[in-house]
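Colleague: These protein sequence lines are chains A and B, in that order.
If you read the first sequence in our numbering, its first letter stands for residue 47, the second for the next number, and so on.
If you read the second sequence in our numbering, its first letter stands for residue 11, the second for the next number, and so on.
A few of these clues could be false.
Claimed, not checked - In the BS3-like style, the derived pairs of lysine-lysine whose C-alpha atoms are separated by at most 25 Å in a straight line are:
id: 1; chain 1: B; residue 1: Lys-196; chain 2: B; residue 2: Lys-215
id: 2; chain 1: B; residue 1: Lys-108; chain 2: A; residue 2: Lys-170
id: 3; chain 1: B; residue 1: Lys-222; chain 2: B; residue 2: Lys-196
id: 4; chain 1: A; residue 1: Lys-102; chain 2: A; residue 2: Lys-120
id: 5; chain 1: B; residue 1: Lys-164; chain 2: B; residue 2: Lys-78
id: 6; chain 1: B; residue 1: Lys-164; chain 2: A; residue 2: Lys-155
id: 7; chain 1: B; residue 1: Lys-78; chain 2: A; residue 2: Lys-153
id: 8; chain 1: A; residue 1: Lys-170; chain 2: B; residue 2: Lys-78
id: 9; chain 1: B; residue 1: Lys-215; chain 2: B; residue 2: Lys-108
id: 10; chain 1: B; residue 1: Lys-196; chain 2: B; residue 2: Lys-108
id: 11; chain 1: B; residue 1: Lys-78; chain 2: B; residue 2: Lys-53
id: 12; chain 1: B; residue 1: Lys-268; chain 2: B; residue 2: Lys-164
id: 13; chain 1: A; residue 1: Lys-223; chain 2: B; residue 2: Lys-19
id: 14; chain 1: B; residue 1: Lys-222; chain 2: B; residue 2: Lys-108
id: 15; chain 1: A; residue 1: Lys-223; chain 2: A; residue 2: Lys-155
id: 16; chain 1: B; residue 1: Lys-53; chain 2: B; residue 2: Lys-268
id: 17; chain 1: B; residue 1: Lys-19; chain 2: A; residue 2: Lys-235
id: 18; chain 1: B; residue 1: Lys-19; chain 2: A; residue 2: Lys-170
Claimed, not checked - Stretch-level coverage of chain A by chain B, calculated; a stretch enters the list once three of its residues show a Cβ under 8 Å from a Cβ in chain B:
id: 19; region: 115-126
id: 20; region: 133-140
id: 21; region: 147-160
id: 22; region: 176-187
id: 23; region: 208-219
id: 24; region: 300-311
If you are wondering where the hints come from, they were derived from the structure by calculation, not from laboratory data.
Glycine included, every Cβ here is placed at the ideal spot set by N, Cα and C.
Each chain, letter by letter, is given below.
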Amino acid sequence: MFKRKNKRKRDLFDVISNVVVFLFALLSLFPLYWLITSSLKNSAAVVKMPPDWFPKTFNIDNYIEVFSNQPALKWALNSITVSLVSTIALIIVSSLAAYAFSKLQFKGKNIIFILFISSLMVPKEVLIVPLYRIVDNLEMVNTLHGMIWPNVATAFGVFLLKGFFDSIPDSLRESAKMDGASELRTFFKIMLPLVKPGIGALFILYFVQVWNDYVWQLVIGQEEGVKTLMVGTATLMQDLNPNFAYKMAGATVAAIPLLVIFVFFQRYFTSGLTSGAEKG
Amino acid sequence: MKKNHHALKRNLTGYLFITPQLFFFCLFLVYPIFEGIRLSLYKINYQGMSFIGFDNYIALFNDPVFIKSTVNTIIFVIVIVALTVVFSLFVASAIFDKNARYVSFIRGSYYIPVMVSMVVMSMIWSFLLNPANGLIPFVARELEFPVVNFLGDKNLVLPVVIFVTFATNVGQAIILYIAAMIGVPKELFEAAEIDGANRRQVIFKILIPSVKPITLYIVIINIIAVLKIFVVIQLLTGGGPNNASTTLMYFLYNNAFKYNQLGIASAVGVIMFTIALLLSIPQLRSMFKK
Numbered sequence: 047m048f049k050r051k052n053k054r055k056r057d058l059f060d061v062i063s064n065v066v067v068f069l070f071a072l073l074s075l076f077p078l079y080w081l082i083t084s085s086l087k088n089s090a091a092v093v094k095m096p097p098d099w100f101p102k103t104f105n106i107d108n109y110i111e112v113f114s115n116q117p118a119l120k121w122a123l124n125s126i127t128v129s130l131v132s133t134i135a136l137i138i139v140s141s142l143a144a145y146a147f148s149k150l151q152f153k154g155k156n157i158i159f160i161l162f163i164s165s166l167m168v169p170k171e172v173l174i175v176p177l178y179r180i181v182d183n184l185e186m187v188n189t190l191h192g193m194i195w196p197n198v199a200t201a202f203g204v205f206l207l208k209g210f211f212d213s214i215p216d217s218l219r220e221s222a223k224m225d226g227a228s229e230l231r232t233f234f235k236i237m238l239p240l241v242k243p244g245i246g247a248l249f250i251l252y253f254v255q256v257w258n259d260y261v262w263q264l265v266i267g268q269e270e271g272v273k274t275l276m277v278g279t280a281t282l283m284q285d286l287n288p289n290f291a292y293k294m295a296g297a298t299v300a301a302i303p304l305l306v307i308f309v310f311f312q313r314y315f316t317s318g319l320t321s322g323a324e325k326g
Numbered sequence: 011m012k013k014n015h016h017a018l019k020r021n022l023t024g025y026l027f028i029t030p031q032l033f034f035f036c037l038f039l040v041y042p043i044f045e046g047i048r049l050s051l052y053k054i055n056y057q058g059m060s061f062i063g064f065d066n067y068i069a070l071f072n073d074p075v076f077i078k079s080t081v082n083t084i085i086f087v088i089v090i091v092a093l094t095v096v097f098s099l100f101v102a103s104a105i106f107d108k109n110a111r112y113v114s115f116i117r118g119s120y121y122i123p124v125m126v127s128m129v130v131m132s133m134i135w136s137f138l139l140n141p142a143n144g145l146i147p148f149v150a151r152e153l154e155f156p157v158v159n160f161l162g163d164k165n166l167v168l169p170v171v172i173f174v175t176f177a178t179n180v181g182q183a184i185i186l187y188i189a190a191m192i193g194v195p196k197e198l199f200e201a202a203e204i205d206g207a208n209r210r211q212v213i214f215k216i217l218i219p220s221v222k223p224i225t226l227y228i229v230i231i232n233i234i235a236v237l238k239i240f241v242v243i244q245l246l247t248g249g250g251p252n253n254a255s256t257t258l259m260y261f262l263y264n265n266a267f268k269y270n271q272l273g274i275a276s277a278v279g280v281i282m283f284t285i286a287l288l289l290s291i292p293q294l295r296s297m298f299k300k
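My request is simple: use the sequences and hints to build the entire structure.
Modeller: What follows is the structure, given as structure tokens:
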């Protein structure tokens, strides 16, 4: 919109806007900067006012303490298990269903699809009481199973992947059928490889969503052995230990896996979020 | 006869493909909805449960904490969603046509708090706002601001929660708007430029109207997200001071898992479910039109 000829006399409104946007961007990064630098301070320096804007020490004792006093490794392992299994299970069931909604013809298809999509607007949290009772009846309270399987109920995967299946021409499927391939074979050999970008986006988005899903994991995982990283870290806040640097180290441990994921997969977030908004 | 057989097989294949998803969907989503409605009509305690009709709902509407939770939740939804839309429109329209690296840096900076999660962000803010040794009260003292305990002040606690939630969530809307704005055909801008429009006019007259469908989507997903606002309340304010910052989800959680009032909690869930469904009708409508 602003071609080279405009470069010399940049619109003032544009310049001011970008300065503001840039400053707010830095401000938005500041809490994270504060988190990481605080976690490297010792217990006295972290509460010193006026503060050290740059930590004078690179003290990793807080991290050692987090991992030795708390089963942080176990929490992390639980978080990884819950997020990974939920996401893979969702990808399997929702890619099958999304394919059916996109390419197959069957009675009641539209009604079921409308039901699925409408459910997207219902946050799982409002169902927490009946859901808890159901999970309790299945004897899955205080197990990772109890945290995992309700996550597979969401229609989010179907919603995201259907758009990707829609963009595959029908002729591809028809020619596979002509060659005598079964529906399941067509799905696995021809269709699934074509929606890889969609599956990548779903994987990243849902993995992060489950990783950060605090309320459900809090309710289901009360025993120490099944706590996840988010729930475990949050309990550090209520810990009697007055050392804030220690608490910030715990929070950093919970944040770092996601920061790493974001740095490596930024592209997928953009494509995943946008396809969620545009397709479906 | 043969045709019937074929149709049957076709239907069956379709059902087989959707069965696994449908199974989880029914067990953990559809069934809980009906179970929730049923439970909301019972009084439930350790001894058992007894049918009491709409008494839970009547009790709720006579409970000042529930009313406070509802009012707070409505305030949060309106203010946070409005802030999110206005600010993300502002950010996206300022940067969408700049060079890719700059766009990527800005987008990343605003999105990182979303990634890092409400739990971690709440912990950081709780440290930053800590009245004894937090950075923000320190600055407030230096500037001789009359209040330093922001979370303990019933007039300031809502703005603080609004700000923290907004700052942690706005990145998602920014990503969506940037992508949508990059997709708007360039010819539209060029035509306006030839007519002598300046940047601000182009943004307001062409850009913002062109991304209206995304705006609708952002409004809906944010309403739903703020409606269930919980983590920041539990970790930052505990609903206080004196219930000044309690919300529907916090109220629901406490009734269910602290006071063991499962009937009441179910009724709150049903009310929230109804609100979510009503609010999302416009979005659903626009999706099914396609």
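Colleague: Run through the hints listed earlier and report the numbers of any the structure violates, in increasing order.
Modeller: 2, 4, 6, 7, 18, 19 and 23
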